[in-house]
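K.L.:
What follows is each chain in one-letter form.
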Amino acid sequence: MERIPILKIGEFLLITIQVDMHDQLAMTLKTDLTERVNKTGARGVLIDISSATIVDTFMARILGDISAMTHILDAETVLVGMQPAVAITLVELGMTLADVMTALDVEKGMELLRDRIGIAKEGAYARNFER
Amino acid sequence: MATKSKKTKVTVAETKVTHVKVEEGLTVALLKEKQKQLLDAWMDAQTNNITLREDLISIEDLRKQSVQFFNALVKAINSGNLEDISTPEYEPVNKILTDISRSRATQGFTPSETATYVFSLKDSILKFLQSEYTKQPDLLNTEVLLISKLLDRLGLLTFETYARTREEVILRQQKELLELSTPVIRVWDGVLALPLIGTLDSNRTQVVMQNLLETITETGYTVAILDIAGVPTVDTLVAQHLLKTVSAARLMGAECIISGIRPEIAQTMVQLGLDMAGVKTKATMAGALEVAFEMLNLNVGAKGKLKNEA
Chain A
1 MERIPILKIG EFLLITIQVD MHDQLAMTLK TDLTERVNKT GARGVLIDIS SATIVDTFMA
61 RILGDISAMT HILDAETVLV GMQPAVAITL VELGMTLADV MTALDVEKGM ELLRDRIGIA
121 KEGAYARNFE R
Chain B
1001 MATKSKKTKV TVAETKVTHV KVEEGLTVAL LKEKQKQLLD AWMDAQTNNI TLREDLISIE
1061 DLRKQSVQFF NALVKAINSG NLEDISTPEY EPVNKILTDI SRSRATQGFT PSETATYVFS
1121 LKDSILKFLQ SEYTKQPDLL NTEVLLISKL LDRLGLLTFE TYARTREEVI LRQQKELLEL
1181 STPVIRVWDG VLALPLIGTL DSNRTQVVMQ NLLETITETG YTVAILDIAG VPTVDTLVAQ
1241 HLLKTVSAAR LMGAECIISG IRPEIAQTMV QLGLDMAGVK TKATMAGALE VAFEMLNLNV
1301 GAKGKLKNEA
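Read top to bottom, the protein sequences are chains A and B.
The numbering used here applies: residue 1 is where the first sequence begins, and numbers increase by one.
The numbering used here applies: residue 1001 is where the second sequence begins, and numbers increase by one.
In isolation and in its complexed conformation, chain A is listed as follows:
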């Protein structure tokens, strides 16, 4: 079965969606990700959709769900790199994903996460980094 690879960068998990996601893949991602967040204790998740040219309402909902679930697991999710055409389409479809954090690219996404999670707290950072 196809799986979307989940990479670990420091305290964050990085997912790059490079193929057009079909429904099953999206659901698998949801499960995989929540398990991974739990296992690694990651504090942040970056989902990079800069290669996705098609994002339908199902996908958008899954992304919203992922954000909500990781939040419950004490991790924040940031959606990065949405293409202009995709943004316009989603808005026209009424999916504004208002509760999901977004950033222009992975770099800015990481900055955002660091701000949110307060990496300044040395203790927390060190602890998670060792895991």
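Any given hint might turn out to be false.
Examples of chain A residues lying across from chain B (beta carbon under 7 Å, computed) [to be verified]:
id, residue
1, Pro84
2, Ala87
3, Ile88
4, Thr89
5, Val91
6, Leu93
7, Thr102
8, Ala103
9, Val106
Chain B side only, calculated, beta carbon under 7 Å to chain A, not exhaustive [unchecked claim]:
id, residue
10, Pro1183
11, Val1184
12, Glu1214
13, Thr1222
14, Lys1244
15, Ala1248
Treat the hints as calculated values from the structure; they're not laboratory data.
Note that the Cβ used here is the ideal one computed from N, Cα and C, for glycine as well.
Use these hints to put chain B onto chain A, whose structure you have.
P.N.:
Same frame as chain A, but now just chain B:
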């Protein structure tokens, strides 16, 4: 000359059977014998015409065009069909005429000047026919009518093409105007500004959205100020458009600030029950810029007088 009249006498008997053949004989014969003279006469008529626009087209080019058109027309007439210009034998003629008409339209000729092109040819042909066949007034009559109709149709074709071309020009200019009127300005490192001027309908919103989002991708800037001081009326539809733009930008990771909200607009928004929650709004562009600096964690102040950071 004698042989010619004999030919016509013979074909007169066939008039009732094949009407077309007689006419074909007259004009076609004329064209065969006097093609060059006819062309020259037509060129003369054109250059002496008061509607000649030497400022828009050189006599050389005019001559080239005329020769092309004339030759194509002769070929088409030779086929025997002088009635229907939608048949394949008239395709080259129509195409040349359409091209000429188009270029005239874009060059700035008036519709009359463009149509006169064909009508001047009609004049020349009729003059020739009259001088050649004064002795056969009946035949001349029918021939004149037929040729007249044909060239009238061609003249109308030029007129229609002209009108259509002008419409295309107008449409294209409208499109350009639309694009020009929605500029995206890089006002500071990380801040984009969109001064929206004029009515904001769904068409323009699409253009604005696209421009904005593309510029965000291009520049990597994450703050956009939408200034609506130049938008005369803001109703629920316009507000919806604005909110769509804000949402789309947000999905890409950029924040929007709406500025330039006049007091009347603020009143209208509240009265209409518009929910502008979640959207930062400021009265002036200057105010919006301050908010933008805050968002980007920038401290902008007079030299040597920046407040110490906490």
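K.L.:
Run every hint past the structure and note whether it holds.
P.N.:
Verification of the supplied hints:
no., hint, in the structure
1, Pro84, "holds, 3 Å"
2, Ala87, "holds, 4 Å"
3, Ile88, "holds, 5 Å"
4, Thr89, "violated, 9 Å"
5, Val91, "holds, 4 Å"
6, Leu93, "violated, 11 Å"
7, Thr102, "holds, 4 Å"
8, Ala103, "holds, 4 Å"
9, Val106, "violated, 11 Å"
10, Pro1183, "violated, 17 Å"
11, Val1184, "violated, 12 Å"
12, Glu1214, "holds, 6 Å"
13, Thr1222, "holds, 6 Å"
14, Lys1244, "holds, 5 Å"
15, Ala1248, "holds, 4 Å"
When the structure is compared with the earlier hints, violations turn up for hints 4, 6, 9, 10 and 11 and for no others.
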